[in-house]
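Enquirer: Under this note's numbering, think of the first position of the sequence shown as 1, with each following residue one higher.
One should not assume that every hint holds.
DSSO-like, lysine-lysine: derived pairs with alpha carbons at most 27 Å apart [as the list claims (entries may be wrong)]:
1. Lys-169 x Lys-122
2. Lys-96 x Lys-343
3. Lys-45 x Lys-85
4. Lys-369 x Lys-296
5. Lys-122 x Lys-196
6. Lys-103 x Lys-179
7. Lys-126 x Lys-296
8. Lys-169 x Lys-106
9. Lys-392 x Lys-24
10. Lys-67 x Lys-85
11. Lys-201 x Lys-126
12. Lys-85 x Lys-24
13. Lys-122 x Lys-201
14. Lys-24 x Lys-329
15. Lys-347 x Lys-179
16. Lys-343 x Lys-313
17. Lys-267 x Lys-369
18. Lys-343 x Lys-369
19. Lys-24 x Lys-122
20. Lys-24 x Lys-343
21. Lys-196 x Lys-169
22. Lys-67 x Lys-196
23. Lys-45 x Lys-122
24. Lys-312 x Lys-392
25. Lys-85 x Lys-96
26. Lys-296 x Lys-179
27. Lys-196 x Lys-312
28. Lys-343 x Lys-312
29. Lys-296 x Lys-267
Here are the in silico distance ranges between beta carbons for each label pair [unchecked claim]:
30. Thr-386 x Lys-318: 20 to 26 Å
31. Lys-45 x Thr-386: 54 to 60 Å
32. Glu-120 x Gly-33: 49 to 55 Å
33. Gln-349 x Leu-316: 21 to 27 Å
34. Leu-316 x Glu-27: 42 to 48 Å
35. Lys-126 x Lys-96: 38 to 44 Å
36. Gly-430 x Tyr-197: 48 to 54 Å
37. Lys-314 x Glu-411: 27 to 33 Å
38. Ala-413 x Asp-41: 29 to 35 Å
39. Gly-430 x Met-342: 34 to 40 Å
No lab work stands behind these hints: they were computed from the structure.
Please read these numbers as outputs of a predicted model, since none were measured by experiment.
C-beta: ideal position from N, C-alpha, C; glycine also.
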Amino acid sequence: MKRIRTLTLLIAVLTGCIPMANAKYTETMDPRGLRLNAQSDFGLKDDGALVDQSTVLQAAIDTLASKGGGRLIVPKGTYSFKGIKLRSNIHLLIEKDTVIKPKWPKGESILVFLVDAERERKSDEKGEQAYIENVSIRGVGGPFIVDYSDYDRAKGSGGSRAVLIKMVKNFLIENLDVKDNYTVYCGITLAPMQTKYDSSKWEVSRATDGTIRNCRIFQASPGYGLTQLHGALSVHFENLYAEGGVTFRMETGAVGDKTAIYDITGKNIVNENGRCAVMMGPHSAKNGLVQVEQVKTIGSAFGVMVGSGHVKKKQLEKYPDSTSGSFSKGSYVKDIHVVFGMKAQVKGQLIMWIPEQYYADLNLRWENKFFEGPSLGGIRDGSGGTSNIQFKNVTLEGFSYNADKPILTEEDARLGSPWPELDKWKAQYGHQSK
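Produce the complete structure using the sequences and hints provided.
Expert: What follows is the structure in structure tokens.
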């Protein structure tokens, strides 16, 4: 099996193509196995998130891991913790309506759950190959909540992630709600191990063999959203929802020569009053197959947004041999329904896409970079025909403009530079923004 996985990944790295496989978590939780309770067995207190209890929960996880793993129950309550590291064979079962409110030091970034192996800061190749396996974080009976909605985002403030998934094989994230406040970073991020070593022969080099389902985010920043994929192999996403931002973001722009995603599937991806449900931008990553179906947006700027491959300046400085990226042939997004609304998050530089009829309705928000304004269309394909992505069965509802053209390209914007037009809009209407 290891030889097969190694060969498959090597082919993917060399060609950007990977055959479709079963992209999902395989259940390993034993319902008759060891079961411990974070409250009754370890002293976790439902204190309304008054005190950070990260050490209590981490000790519970480590103790269970030392016994070979099992189920750790977190009873319903309101707690504060962050930086929680999962271990192999740990299944964290968090009761429905439990609220996790991380303490957030000013100017720092926070992470609530880390799904990755623990390693020394400076590791050799063996250390960097370390991974965990057979793990899950689940809301039991319904979603649990990670809540940092009371955090005021300011210039220079740190970012936030509910879950960061890296060197792991066979994982499940299920029934999670994130209450955001337009902060930096996506709620769930998947990443590769950026290493100086050749990782194509490693058993695991990124988030591998997983399922993320029944997850939502509220008040997401237009620059971020629910999920961000920089490194993943054989992962399935289902029943995802974002209010604001991007629901399923496959913009593989992290600087590094290991950044790429392969064999990704998605189903029932919904966005409301955001930028789009699905965003795909390869940057310089040679990505594999991506197949997404049942996409819906309600009042968002677009249903799907696709960008062209290109090399970022920082990438070129560090990796001068980098070239424009792509997605594998056979990738598609299908069954897309886009409903018009007036509370979309529209980037200011897209003002030439906005019909002038709506200028008086625009509200410049979110760091003065994004408008709250009208939905603009079904699909924005900015790849110049180089994306290898097929779009199938796109329907629009409620549009007065672009109603008969579900796929838009840069040629569909009005001619002219957006910057003078922005200045013109600000002079006439900018005083009414808040």
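Enquirer: Does each hint hold? Answer for all of them.
Expert: Outcome of the hint check:
no. : hint                          : verdict
1   : Lys-169 x Lys-122             : holds, 22 Å
2   : Lys-96 x Lys-343              : violated, 30 Å
3   : Lys-45 x Lys-85               : holds, 19 Å
4   : Lys-369 x Lys-296             : holds, 25 Å
5   : Lys-122 x Lys-196             : holds, 12 Å
6   : Lys-103 x Lys-179             : holds, 14 Å
7   : Lys-126 x Lys-296             : violated, 44 Å
8   : Lys-169 x Lys-106             : violated, 34 Å
9   : Lys-392 x Lys-24              : holds, 24 Å
10  : Lys-67 x Lys-85               : holds, 16 Å
11  : Lys-201 x Lys-126             : holds, 12 Å
12  : Lys-85 x Lys-24               : holds, 22 Å
13  : Lys-122 x Lys-201             : holds, 21 Å
14  : Lys-24 x Lys-329              : holds, 21 Å
15  : Lys-347 x Lys-179             : holds, 23 Å
16  : Lys-343 x Lys-313             : violated, 33 Å
17  : Lys-267 x Lys-369             : violated, 31 Å
18  : Lys-343 x Lys-369             : holds, 15 Å
19  : Lys-24 x Lys-122              : violated, 32 Å
20  : Lys-24 x Lys-343              : violated, 35 Å
21  : Lys-196 x Lys-169             : holds, 21 Å
22  : Lys-67 x Lys-196              : violated, 34 Å
23  : Lys-45 x Lys-122              : violated, 36 Å
24  : Lys-312 x Lys-392             : violated, 30 Å
25  : Lys-85 x Lys-96               : holds, 21 Å
26  : Lys-296 x Lys-179             : holds, 21 Å
27  : Lys-196 x Lys-312             : holds, 19 Å
28  : Lys-343 x Lys-312             : violated, 31 Å
29  : Lys-296 x Lys-267             : holds, 10 Å
30  : Thr-386 x Lys-318: 20 to 26 Å : holds, 24 Å
31  : Lys-45 x Thr-386: 54 to 60 Å  : holds, 55 Å
32  : Glu-120 x Gly-33: 49 to 55 Å  : violated, 31 Å
33  : Gln-349 x Leu-316: 21 to 27 Å : holds, 23 Å
34  : Leu-316 x Glu-27: 42 to 48 Å  : holds, 44 Å
35  : Lys-126 x Lys-96: 38 to 44 Å  : holds, 41 Å
36  : Gly-430 x Tyr-197: 48 to 54 Å : holds, 52 Å
37  : Lys-314 x Glu-411: 27 to 33 Å : holds, 30 Å
38  : Ala-413 x Asp-41: 29 to 35 Å  : violated, 60 Å
39  : Gly-430 x Met-342: 34 to 40 Å : violated, 18 Å
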